[in-house]
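Order-wise, the sequence lines are chains F, B, Z, S, G, U, E and A.
No gaps in the numbering here: position 63 of the first sequence is 63 in the working numbering, and each next residue is one more.
No gaps in the numbering here: position 40 of the second sequence is 40 in the working numbering, and each next residue is one more.
No gaps in the numbering here: position 30 of the third sequence is 30 in the working numbering, and each next residue is one more.
No gaps in the numbering here: position 306 of the fourth sequence is 306 in the working numbering, and each next residue is one more.
No gaps in the numbering here: position 53 of the fifth sequence is 53 in the working numbering, and each next residue is one more.
No gaps in the numbering here: position 249 of the sixth sequence is 249 in the working numbering, and each next residue is one more.
No gaps in the numbering here: position 145 of the seventh sequence is 145 in the working numbering, and each next residue is one more.
No gaps in the numbering here: position 3 of the eighth sequence is 3 in the working numbering, and each next residue is one more.
By construction, these hints were calculated from the structure, which means they are not laboratory data.
A quick note: this is a predicted structure, and the numbers were derived from the prediction, not measured.
Treat the hints with care, as some may be off.
What the hints assert, rightly or not - For each label pair, taking beta carbons as the anchor points, the in silico distance ranges come out as:
| no. | chain 1 | residue 1 | chain 2 | residue 2 | range |
| --- | --- | --- | --- | --- | --- |
| 1 | U | E242 | G | E267 | 26 to 32 angstroms |
| 2 | E | D85 | Z | R299 | 56 to 62 angstroms |
| 3 | A | E162 | F | G37 | 29 to 35 angstroms |
| 4 | S | E318 | U | E260 | 41 to 47 angstroms |
| 5 | S | V210 | E | K166 | 21 to 27 angstroms |
| 6 | E | E60 | Z | P187 | 53 to 59 angstroms |
| 7 | S | V210 | Z | G351 | 48 to 54 angstroms |
| 8 | Z | S373 | S | E323 | 30 to 36 angstroms |
| 9 | Z | P187 | G | K212 | 54 to 60 angstroms |
| 10 | F | G52 | U | N221 | 29 to 35 angstroms |
| 11 | U | T254 | G | F269 | 26 to 32 angstroms |
| 12 | Z | V49 | G | E234 | 47 to 53 angstroms |
Unchecked claim - One side only, chain G facing chain Z, incomplete, derived with CB under 8 angstroms:
| no. | residue |
| --- | --- |
| 13 | T70 |
| 14 | T146 |
| 15 | G150 |
Said to hold, decoys possible - Simulated coverage check for chain B against chain G, where a stretch passes if three residues somewhere in it have a Cβ under 8 angstroms from a Cβ of chain G:
| no. | region |
| --- | --- |
| 16 | 13 to 19 |
| 17 | 50 to 64 |
The beta-carbon is built from N, C-alpha and C at its ideal position, and this holds for glycine as well.
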Amino acid sequence: MSKAIEKKANLQIKRDLCKGCKICVQFCPKDVLTMEGGKVKIKDIEKCIECGLCELRCPDYAIFLGGSEDEE
Amino acid sequence: MSKAIEKKANLQIKRDLCKGCKICVQFCPKDVLTMEGGKVKIKDIEKCIECGLCELRCPDYAIFLGGSEDEE
Amino acid sequence: MKSRKVKLMQGNEACVEGAIAAGMRFYGGYPITPSTEIAEISAVKLPAVGGKFIQMEDEIGGIAAAIGGSLAGLKSMTATSGPGFSLKQENLGYAAIAEIPLVVVNVQRGGPSTGLPTAPAQGDVMQAKWGTHGDHPIIALSPSSVRETFDVTVRAFNLAEKYRTPVVILTDEVVGHMREKIEIPDPSEIEIIDRKKPEVDPENYLPYEVKDGELVPPMAAFGDGYRFHVTGLTHDETGFPSNSSEIAEALLNRLMNKINANLDDILDYEEFMCDDAEIVVFSYGSTARSAKSAVKKLREEGIKVGLFRPITIWPFPEEKVYELSKKVKSIIVAEMNLGQLVLEVERVSKGNCKVSHLGKANGEVITPNEIVSRVKEVL
Amino acid sequence: MKSRKVKLMQGNEACVEGAIAAGMRFYGGYPITPSTEIAEISAVKLPAVGGKFIQMEDEIGGIAAAIGGSLAGLKSMTATSGPGFSLKQENLGYAAIAEIPLVVVNVQRGGPSTGLPTAPAQGDVMQAKWGTHGDHPIIALSPSSVRETFDVTVRAFNLAEKYRTPVVILTDEVVGHMREKIEIPDPSEIEIIDRKKPEVDPENYLPYEVKDGELVPPMAAFGDGYRFHVTGLTHDETGFPSNSSEIAEALLNRLMNKINANLDDILDYEEFMCDDAEIVVFSYGSTARSAKSAVKKLREEGIKVGLFRPITIWPFPEEKVYELSKKVKSIIVAEMNLGQLVLEVERVSKGNCKVSHLGKANGEVITPNEIVSRVKEVL
Amino acid sequence: MASKLIKDYFRTDKLPHIWCPGCGHGILMRSVAQAIDNLGLDKDKVCIVSGIGCSSRAPGYMDFNTLHTTHGRALAFATGVKLARPELEVIVVTGDGDCAAIGGNHLIHAARRNINITTVVFNNNIYGMTGGQYSPTTPTNEFGTTAPYGNIDKPFDIPALAGAAGATYTARGTAYHAKQLTKLVEKGIKNKGFSLIEGISICPTYYGRKNKKGSAVDMMNWLKDNAVDIKVAEKLPKEKLEGKFLIGEFKNTTEPEYTEEYMKIIERFQKER
Amino acid sequence: MASKLIKDYFRTDKLPHIWCPGCGHGILMRSVAQAIDNLGLDKDKVCIVSGIGCSSRAPGYMDFNTLHTTHGRALAFATGVKLARPELEVIVVTGDGDCAAIGGNHLIHAARRNINITTVVFNNNIYGMTGGQYSPTTPTNEFGTTAPYGNIDKPFDIPALAGAAGATYTARGTAYHAKQLTKLVEKGIKNKGFSLIEGISICPTYYGRKNKKGSAVDMMNWLKDNAVDIKVAEKLPKEKLEGKFLIGEFKNTTEPEYTEEYMKIIERFQKER
Amino acid sequence: MAVQTEIRLTGSGGQGLILAGIILAESAILQGGNAVQSQSYGPEARGGASKAEVIISEEEIDFPKVDKADILLSLTQIALDKYADSLKEDGILVVDSELDIPEDVKASKIVAVPILKTAIEKIGKAMVANIVALGVIQELTNVVSKEYLEKAVLNRVPKGTEELNKKALQEGYNLVKDA
Amino acid sequence: MAVQTEIRLTGSGGQGLILAGIILAESAILQGGNAVQSQSYGPEARGGASKAEVIISEEEIDFPKVDKADILLSLTQIALDKYADSLKEDGILVVDSELDIPEDVKASKIVAVPILKTAIEKIGKAMVANIVALGVIQELTNVVSKEYLEKAVLNRVPKGTEELNKKALQEGYNLVKDA
Ligand SMILES: Cc1ncc(C[n+]2csc(CCOP(=O)(O)OP(=O)(O)O)c2C)c(N)n1
Ligand SMILES: Cc1ncc(C[n+]2csc(CCOP(=O)(O)OP(=O)(O)O)c2C)c(N)n1
Ligand code: SF4
Ligand code: SF4
Ligand code: SF4
Ligand code: SF4
Ligand code: SF4
Ligand code: SF4
Ligand SMILES: [Mg+2]
Ligand SMILES: [Mg+2]
């Protein structure tokens, strides 16, 4: 499971949940994201302003800021 | 049947249909009607102005002006 | 000190009295003749015991609200008659698969459709078992008197709670509307069964898990701190839907089994003068009173006839009737319909004895004399 | 010139093709898996033949609109699956008592309740007869193949029109969704029956009056100049409600009789290798295909087994099965439920032979091998 | 023998009707017939559909194509009749329970489709037929046999509900204002689309008795005194409207009608041939 | 592992949900959870009820007391739960079909009673679960599998309908305007009475495909471009609103709440003792 | 079974016959006996004839409906015409004296007394005719005792009308005594 | 009964396997034979493995479902893992060459060819992988003739894509011929 998680800065992606709809990519105000192999991928984390819009609109809860760490 | 019909001038009453609710009596503008034995009765036909309000509001179609005569 | 009130009471009123005595605290319904008094009296009586009454927009809403009330922890009931019973069928199946304790009263009237709204009938007996789609468990009880309506209603709640299942009370216009002497037992004399609550912590609660050897899972209420899921889809013991055929099979088997493995507890019937009977009249509900009267008359004439009166209609008392069929020459099924439970009697009798039907569906009751004549014909 | 189109077609599509061929010009319904294609294809095809399709707000509205359409003179259909079939029950009874020609399709899926929405079942067979309140007539047909779905649908309309009664088509997810080779007959080859219209003047028309020796009254349509009254209340031959027990009795007897006195015309079944059979598999709908396959396999092994496949489910082919029961050692009833038509087989067999059940209600079909094994066990 | 209107449009052999003395339903039923007469409709082309209730017994007395259906379903049956045979003038006569309780969904959907059906609700604020249970139009705090401690529900404003759902014509009249009601029904029938006319009725037997409203005459007087015509109301100060209710025409608009739109689809195919 | 919101309020072991790629329902469901979080409700005291449909699958994923009922009946079940246990915060999650087609009657009656239930309609203008039939919110002329020649029905304005029926709080948001939607749901929950929040969703699989609306992204863009906040709209000329739809809060009033009124009846008896 | 008395009370809708039936049944129960009361329901009951039935017995009552009545009360002509032949040949017919008794009625005893007139003129309330009728039936048949009948009446009538109703009963007794 | 060929086509939702099944069945019918096609439905089909089944026979087809398949096509790993053991021991397994074939698979023949890659690279449309697969199956098994398969394909594919699909079929044939 954990290998499916890509974590950069505060932005996290759970690739196994991503269904590749591109909504986050399209509506990221800073063009941080892109698609790869039908799933989301971080293109340029530096630009991320942690606005949370990707998390807000991801229908599959596959991308988010922070997140809870209290699991093993 | 016909003996149940009281006819005066143009106003007719079909006593067997009358259920005695008094609506016609109450809302006759000219106080033409009254009750007798639980059914409507004409009190003073002379006053009748043939306004048709009794017919209009009789829930049981027991009082009316004119009416059809083509039955035997 | 025990207090027994002797009263003249209507059947529909006794139903409400029994329900409240059994712990009913929620009623959801929609009025329909000849069951309406059950709603009306519930509306009057429930607030006094802290219970809730709601008149819903239709019968579908009535049973739905009652299921909701039961899930929130209150013993719940809905009552109706033919047309409303037809409308409740979908959600009756929901209660069966989701295992919601619920009492559904059907005060039967003349059908089909709007039919004869103010006349008695026993035409919804098969519907009580088969009216909803898909295989499912059901219990149905049918009282013959005002007093028995009280008892049967208490029992209906007890069975509903014990087996987590909808229980149908099949009464009819005669039993529902007539007034009879009734001695209301003291609360201390009434056995009350409440649903089993989970003993485990919320974290370990699986809402549809049964302990070894048991068939009925304990039931938490919404708001008790157990956050569980309920669905009408086929589900596993966690309560979540599953498409697995093994799980579907296990679930349905358990549902059917919780009834079938407890027949001793669930079945109830009266046998009257059956011991030496050569002919038995099989009858239930108000019709059984005519049958009893007929049996008494015939016995006075020395004719060996008895009455078998199922109080539990569903599950059908198969074994008992089978035994009877081996003992007697003939069973006459008297019921106010064109042939319903007679089909079950025929089936389980396996040709052992003659089975015939004395039916009526014209809005009139079957009289003792009609039964007397029929018995004499069969003799 | 006759044209026969050979096509690969889905069962649900064949149903619509059959319906339109039979003259369906009105469809009212509400979508539900696995019957939805029937609505969808009706929506596509009806306007082209001048017919009307309407998606109503729910299943109750669907059947109500279809009854309205029928009363206005159009041959009408509604289709659904389990939950929707439960909702239609009240108005199904209305159609029965008011004698409205109507075809109701139930593409059966796994129940009870929402159950297994995409899986096949035969769990609504008893419901088709007993789902609505009160005694009433019903005809139910069950096809086994796509081609037969076409034929059975045509027949359903013909029976509905001829007997002025609702006719239920009980198909299932397998038959409804599979695609099969089908040769659509030329319209000239299809027998079409239309309801009898009154021959008398409007002044002399009594909508529920039957001629001597007949059981089905001629039917005018609203707007034809016959101003008549239709009600779901018990009514006399004028169509107006009556509380008379004689009239109620006469009406119900006629309603039941128009079916029971015409069994020869209504009953339909297939017997396959039953002549010398010692064991007969009783099966219908898609399950009968497994049964046939099993019979063929077993016959190859020299085992004397046959298949009895009712196509008319209701009225139940009592006599035929009774005859069988006297001839064979054992009847195995294979159906995708936990025991429904087996009850009828048990009943009419009167203990003449062993009757056993091979059931399944887990969303999976009964396979030929399962039937083969069961036959061998019984041997 | 009967008045000409009654003789022409009623099944006089079925009279007297089953309604109680003073029941307002008879007045409303007469208004419906009067509206049909005023419009000169062909009796053979009128279809009157009802559900179940005291009010829903009306079609049995009216000499048209008449259909007494199941409780709450009148509009669904009527939709089938109308779509199957659009040349019929379909009128639904229903009660507050039939139309707005169990039948509420069919009401809002028929309104939404704007199908050319005229619905006349005989609203007596109670379930009369079953003996006086509160209905979705029973005012808050009033009594019914199932509201023994006073009704805690809010009542529907049926014309407003139908209007919000899509009806193109809505209005309210009363049994007292029977002439106006006739006009409203007439306009409703003329409207090519879904029309809803609420006719406030009186049920002296149950609603009246349960709520101490007095005799039928008293209840008629109440209607007289408390109904305010919307045109008048527009000019009145708010205080004057306290506790009153509005009558008159509330909505009268034009939108595509359902069966006409359906016929256009069929015509497309006929042209293609 | 998941975002804190998801971890706190969802049954993460049930994810991924069954919804299609790009289905708007996931966004709306998150907004509902966010609203609950913002209000700091006790999870044990929240009950989420749904009917049947893609949308109605939501409760299965949400970690509360959850009830997945029969098609169209969510509000009737919810009414039972709420009346039986008024201390529960009852939220109904439903679809346009579930709520406004088969469930329309329960909607208007729950609204009429002003029972304290918050209903969130995931409106994707189609029956998703059964594969794309038109719903009571499918716009006129658009397509569904049962509207192969274009839909001739008029669509409901669900908040307007609920408002006319008696809801005391009504609002509309969209999957695109997810933050606003969260606020609207929050206010709906806070309203002591019946609240209806319509959340416009997207169904790329059926509604989108049947109507050539492009990808999920295209459909989100359509929401962005065509929704106009009611406060903004008030200041815009009519032409500018052509073809647009309104979002925001439409109704926010106070009326007696059903379960509170019922408790008053019970209290009368308790005092009498 | 012969110990059973079957009573049919008939008249029109508003005459309180169901209440009368209930009171009769209750008095029987107060007295320690058994009783079943039933009635016809339905829309037709609104206009036409209305009836209430009571069976009183010392034993278990099986069939709860009255077939042929031991005692038939009729307060209206319509009701009398409809139900007259449902009386046992050895039964007792009690009618208001205003009514025309059909010629072919068979009964062991026919009692025609001015029940309605008594209620209106002596008590001043048409409404209490049902209670007057109960008095008549009691005095005639003693099917229940006066003591319990009075108790039952007082249990059921609205508060404040006790004296009125007691008087009505008394007038009922008197109608028979004086006859 | 052995004259029946049972085919199971598996992969994921959007791959057009149901259409492929229909085309196979239709070619069998065009050829004068019998065929039944079925599929799994349901919400679960949206995400996970999807399957279509075809039975082709000269005779009447009784049981319409495929139990053990004579031919199994798998285009995705999930589908292959799920359905691998539903192949007859003497059946033919056709998989996309990207997939890992489970070690315990029993089959008379296993054919791994680059179906998806061919569709994308040679035809330029991933969508036609189903047609390429049909070509593979035809060439391998001759369960239907090329003539009728082509006819059936052309009957079913959208207008304007005929050439594309013909080419896809051809590439399918080639994948086997070249193998
Ligand atoms: C399915 C169903 N539910 C309930 C009933 C019982 N019922 C008959 S009429 C009625 C209410 C009628 O009220 P309304 O429509 O207002 O008519 P009214 O009698 O007041 O004129 C009810 C609840 C029924 N016949 N069918
Ligand atoms: C009684 C009943 N009728 C029909 C269905 C089939 N059905 C399931 S969901 C659905 C429509 C769902 O539409 P909506 O509520 O808009 O949800 P969506 O899938 O679009 O989110 C239908 C018609 C059913 N399950 N039960
Ligand atoms: S948090 Fe904002 S900026 Fe960062 S990736 Fe998400 S949408 Fe883009
Ligand atoms: S919005 Fe979510 S599901 Fe869609 S592409 Fe981005 S991460 Fe994947
Ligand atoms: S017509 Fe007018 S004036 Fe004459 S009696 Fe009738 S209401 Fe009175
Ligand atoms: S209004 Fe009609 S029923 Fe009433 S008293 Fe007058 S005539 Fe009689
Ligand atoms: S009960 Fe009420 S509505 Fe019904 S007929 Fe009597 S007065 Fe009219
Ligand atoms: S079908 Fe539509 S509504 Fe359903 S999950 Fe897919 S995109 Fe969402
Ligand atoms: Mg009413
Ligand atoms: Mg939707």
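Right, here's what the structure says about each hint:
1. U:E242 x G:E267: 26 to 32 angstroms: holds (29 angstroms)
2. E:D85 x Z:R299: 56 to 62 angstroms: For D85 (chain E) and R299 (chain Z) the Cβ distance comes to about 30 angstroms; the hint is violated.
3. A:E162 x F:G37: 29 to 35 angstroms: holds (32 angstroms)
4. S:E318 x U:E260: 41 to 47 angstroms: violated (60 angstroms)
5. S:V210 x E:K166: 21 to 27 angstroms: Because 60 angstroms falls outside the window, the suggested range is violated.
6. E:E60 x Z:P187: 53 to 59 angstroms: violated (26 angstroms)
7. S:V210 x Z:G351: 48 to 54 angstroms: violated (37 angstroms)
8. Z:S373 x S:E323: 30 to 36 angstroms: holds (33 angstroms)
9. Z:P187 x G:K212: 54 to 60 angstroms: violated (37 angstroms)
10. F:G52 x U:N221: 29 to 35 angstroms: For N221 (chain U) against G52 (chain F), whose Cβ atoms are near 20 angstroms apart, the range 29 to 35 angstroms is violated.
11. U:T254 x G:F269: 26 to 32 angstroms: Check failed, 54 angstroms falls outside 26 to 32 angstroms.
12. Z:V49 x G:E234: 47 to 53 angstroms: holds (50 angstroms)
13. T70: holds (6 angstroms)
14. T146: Holds - the Cβ of T146 (chain G) comes within 8 angstroms of chain Z, reaching about 4 angstroms at its closest.
15. G150: At about 11 angstroms, which exceeds the 8 angstroms cut-off, the nearest Cβ of chain Z leaves the hint on G150 (chain G) violated.
16. 13 to 19: Held - the region 13 to 19 of chain B has 4 residues with a Cβ nearer than 8 angstroms to chain G, which meets the minimum of three.
17. 50 to 64: Since three or more residues must qualify, the claim that chain G covers the region 50 to 64 of chain B holds, with 8 doing so at under 8 angstroms.
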